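Peer 1: Now for the letters of each chain:
Protein chains: 2
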Amino acid sequence: MVRVALDAMGGDYAPQEIVAGGVLAARELGVEVILVGKRKEIARELEEHDDVSRLPLTVVHADEVIEMTDHPATAAKTKKKSSMHVGMGLVKEGAADSFVTMGNSGGALATALFVLGRIKGVKRPALATIYPTIDGYTFLLDIGANADCKPEYLYQFAIMGNIYVRDVLGVRNPRVGIISNGEERGKGNKLVLETVPLLENAPDLNFVGNVEGKDVARGVADVVVMDGFTGNVLLKTSEGIAWMLGEMIKQEVKKSPVAILGAFLIKGAMKRVLARTDYKEYGGAPLLGVDGNVIVGHGRSNRIAVRNAIRVAKSMAEQKVIESIRNHSGIIGENAK
Amino acid sequence: MVRVALDAMGGDYAPQEIVAGGVLAARELGVEVILVGKRKEIARELEEHDDVSRLPLTVVHADEVIEMTDHPATAAKTKKKSSMHVGMGLVKEGAADSFVTMGNSGGALATALFVLGRIKGVKRPALATIYPTIDGYTFLLDIGANADCKPEYLYQFAIMGNIYVRDVLGVRNPRVGIISNGEERGKGNKLVLETVPLLENAPDLNFVGNVEGKDVARGVADVVVMDGFTGNVLLKTSEGIAWMLGEMIKQEVKKSPVAILGAFLIKGAMKRVLARTDYKEYGGAPLLGVDGNVIVGHGRSNRIAVRNAIRVAKSMAEQKVIESIRNHSGIIGENAK
Chain X
4 MVRVALDAMG GDYAPQEIVA GGVLAARELG VEVILVGKRK EIARELEEHD DVSRLPLTVV
64 HADEVIEMTD HPATAAKTKK KSSMHVGMGL VKEGAADSFV TMGNSGGALA TALFVLGRIK
124 GVKRPALATI YPTIDGYTFL LDIGANADCK PEYLYQFAIM GNIYVRDVLG VRNPRVGIIS
184 NGEERGKGNK LVLETVPLLE NAPDLNFVGN VEGKDVARGV ADVVVMDGFT GNVLLKTSEG
244 IAWMLGEMIK QEVKKSPVAI LGAFLIKGAM KRVLARTDYK EYGGAPLLGV DGNVIVGHGR
304 SNRIAVRNAI RVAKSMAEQK VIESIRNHSG IIGENAK
Chain S
4 MVRVALDAMG GDYAPQEIVA GGVLAARELG VEVILVGKRK EIARELEEHD DVSRLPLTVV
64 HADEVIEMTD HPATAAKTKK KSSMHVGMGL VKEGAADSFV TMGNSGGALA TALFVLGRIK
124 GVKRPALATI YPTIDGYTFL LDIGANADCK PEYLYQFAIM GNIYVRDVLG VRNPRVGIIS
184 NGEERGKGNK LVLETVPLLE NAPDLNFVGN VEGKDVARGV ADVVVMDGFT GNVLLKTSEG
244 IAWMLGEMIK QEVKKSPVAI LGAFLIKGAM KRVLARTDYK EYGGAPLLGV DGNVIVGHGR
304 SNRIAVRNAI RVAKSMAEQK VIESIRNHSG IIGENAK
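Listed in order, the protein sequences are those of chains X and S.
First residue of the first sequence? That's 4 in our numbering, and the numbers climb one at a time after it.
First residue of the second sequence? That's 4 in our numbering, and the numbers climb one at a time after it.
Hints in this document: simulated from the structure, not taken from any laboratory.
Be a bit skeptical, because a hint or two may be false.
Identical copies go unnamed one by one, so any copy, or any two together, can satisfy a pair.
To be verified - Pairs of lysine to aspartate or glutamate residues, derived as EDC-like cross-links and limited to a Cα-Cα distance of at most 20 Å, are as follows:
1) Lys274 to Glu250
2) Lys43 to Glu20
3) Lys193 to Asp151
4) Lys253 to Asp138
5) Lys153 to Asp54
6) Lys80 to Glu96
7) Lys95 to Glu197
8) Lys258 to Asp138
9) Lys258 to Asp207
10) Lys153 to Glu197
11) Lys258 to Glu155
12) Lys43 to Asp151
13) Lys270 to Glu250
14) Lys257 to Asp138
15) Lys253 to Asp218
Small disclaimer: the values here were computed from a predicted structure and weren't measured.
Chain X with its partners taken away, still in its complex shape (with noise of 0.2 Å):
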């Protein structure tokens, strides 16, 4: 049985959500959970819940949490007793097979170097996210992790990206561009000029080559990849197109009493848009690059992100993802020096 730890106290709704959302995958997915962070507070939880103690869960107690205002850096060295480094201590040394945390993503980055390190071959480690895409999502990395990039870095994320998708998304031969200020070949700036070659030239992977800001939403590739600072201002500009859309709605609506029942027969249509840009269906996405499975969720995720996290976690673990991208770590070598 796949044993996952799970950071307790990590997320906007923890521990609350988290021990819920852990109960509830030790219930349904076959797994074992082991809930890391303060005894106390996850014991009160837990009685929250029925029939637990018949449950394949555990707990591991942890003195400190990172906060999400704590600096990443910093915190990953100094506060060692945290849930994050004593749920990674367990995967370094055998006792979990992955991680889970809904907290601080920088600082989970930050422990995760500092406690598993990275997969021999491997240059940067990447931070991902799962993206609404029309017709379903795409996976994009880096969104965060380096700020600056060269194309080795680049070249691995797509390698890694790809094995990922494929294995544990189920992504047949997935589709893997660049994100690019123009579709056609020889647009791009330095960076992607001198990356492009080395996924062209890449084995077995299905490059589609450049991908604009317009057409990630289309789903034209199922991994996009791109330096951390282009990730962040791609995925906050989303957030904050998202966010001013419906704001502006909102204002607009209200100015009329017609609009307001309007909206009123249109809620269910637009709930239904929302759940198709939910996050709380993917659970979280991967730490890529780092020597162990580690998962890190949406900071508002409620207790279905934490279980569905937890799934991922799980196919993390059966599908030998870290294997594979050590076995490509020759080849990453071989090609971008």
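Please arrange chain S on chain X, whose structure you already have, making use of the hints.
Peer 2: Chain S only, in chain X's frame:
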């Protein structure tokens, strides 16, 4: 009277809507409009309007057209009889004060560099755009002219954007920001980290620091600078998200008769949202840094958008934007080595 040369051949609805916009401007704005393009086609369009002979409206023939599909640099060099070439030539020789086009923006930039050149002291010209926000708009540059930038380019974009927004758009003491992957000082890629101190030390610049992608739409700054690669991704991503959300709403509404009625009732509110995010109000944005007033509008511009572009082209001439930029080039040279 300010004389504005108008590219009658550029844009999706050329020459019909362009000529109509030129007629509107000549009628309403107290400007002389010089229609540049194929004489016969322009004459045919002018026949559709009344009393044209009494308006301050002239025609200058140009044999060629830079198409949307043309490669910018190649077209600028080889199509020397294009309407862009001829129109900017009028500005160069002092026969017009400003030039307006709704055509290929890359072609306009390349032609401007060829015909007008850069303002003395300016290292790189920038493409700008007006971007909708929750409470108005903000001015973004560079959105695509320079995929790779140096700190001193971004510094100059800030200076030029500040002058334009203050003098042409009439914003008092514009708040100037820089796109970054975090709002805290110290967040950024190498380019941003090196640019921030230049902006902090810029005289007479109301620098408000880093701006995240999600905060552009919140209207936290009046001018936001970035490299052209990031600008292109930001703009295209916004377009993609707006398209996707609109498309999803349509799809979900279709599934229920009640929602179809609801959608009918909020049509007015939705139209007002679209109006708030509509480029047509703003007419166009300048090529900043070229030695002549050039406004590039949206390819889908109708006659109203064309008229409004001529309005800003007039204001750009009246406010002597080029002179202000030239007067600041010494400061630019001093601070950004």
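Peer 1: Decide, hint by hint, whether the structure agrees.
Peer 2: Now for the hints, and whether the structure bears them out:
Within a single copy, Lys274 and Glu250 get their C-alpha atoms as close as 15 Å, and across copies as close as 14 Å, so both meet the 20 Å cut-off. In this homomeric assembly, Lys43 and Glu20 come within 20 Å of each other (Cα to Cα) only inside a single copy, at 16 Å, whereas the closest approach across copies is 72 Å. Taking CA atoms no more than 20 Å apart as the test, Lys193 paired with Asp151 passes in both settings, with 12 Å inside one copy and 7 Å between copies. Taking the shortest Cα distances, Lys253 and Asp138 sit within 20 Å of each other only across copies (14 Å), while inside one copy they are farther apart (26 Å).
In the homo-oligomer, the alpha carbons of Lys153 and Asp54 never lie at most 20 Å apart, since the shortest distance is 52 Å inside one protomer and 62 Å across protomers. With identical chains, the CA atoms of Lys80 and Glu96 are at most 20 Å apart within one copy only, with a shortest distance of 19 Å there and 65 Å across copies. In this assembly of identical chains, the alpha carbons of Lys95 and Glu197 never lie at most 20 Å apart, being 36 Å within a copy and 38 Å across copies at closest. Proximity of Lys258 to Asp138 under the C-alpha cut-off of 20 Å is restricted to the inter-copy arrangement: shortest distance 16 Å between copies versus 33 Å within a copy.
Proximity of Lys258 and Asp207 under a CA criterion of 20 Å is satisfied in neither setting, with 56 Å inside one chain copy and 41 Å between copies. Taking CA atoms no more than 20 Å apart as the test, Lys153 paired with Glu197 passes in both settings, with 9 Å inside one copy and 18 Å between copies. Neither within a single protomer nor between protomers do Lys258 and Glu155 lie at most 20 Å apart by alpha-carbon distance, with minima of 53 Å and 46 Å respectively. For the identical chains of this complex, Lys43 and Asp151 are neighbours neither inside a copy (42 Å) nor across copies (54 Å), given an alpha-carbon limit of 20 Å.
Both within a single protomer and between protomers do Lys270 and Glu250 lie at most 20 Å apart by alpha-carbon distance, with minima of 15 Å and 16 Å respectively. Proximity of Lys257 and Asp138 under a CA criterion of 20 Å is satisfied inter-copy only: 16 Å between copies versus 31 Å inside one chain copy. In this assembly of identical chains, the alpha carbons of Lys253 and Asp218 lie at most 20 Å apart only when taken from different copies (19 Å versus 27 Å within one copy).
Hint compliance for this structure: hints 5, 7, 9, 11, 12 are broken, all remaining hints hold.
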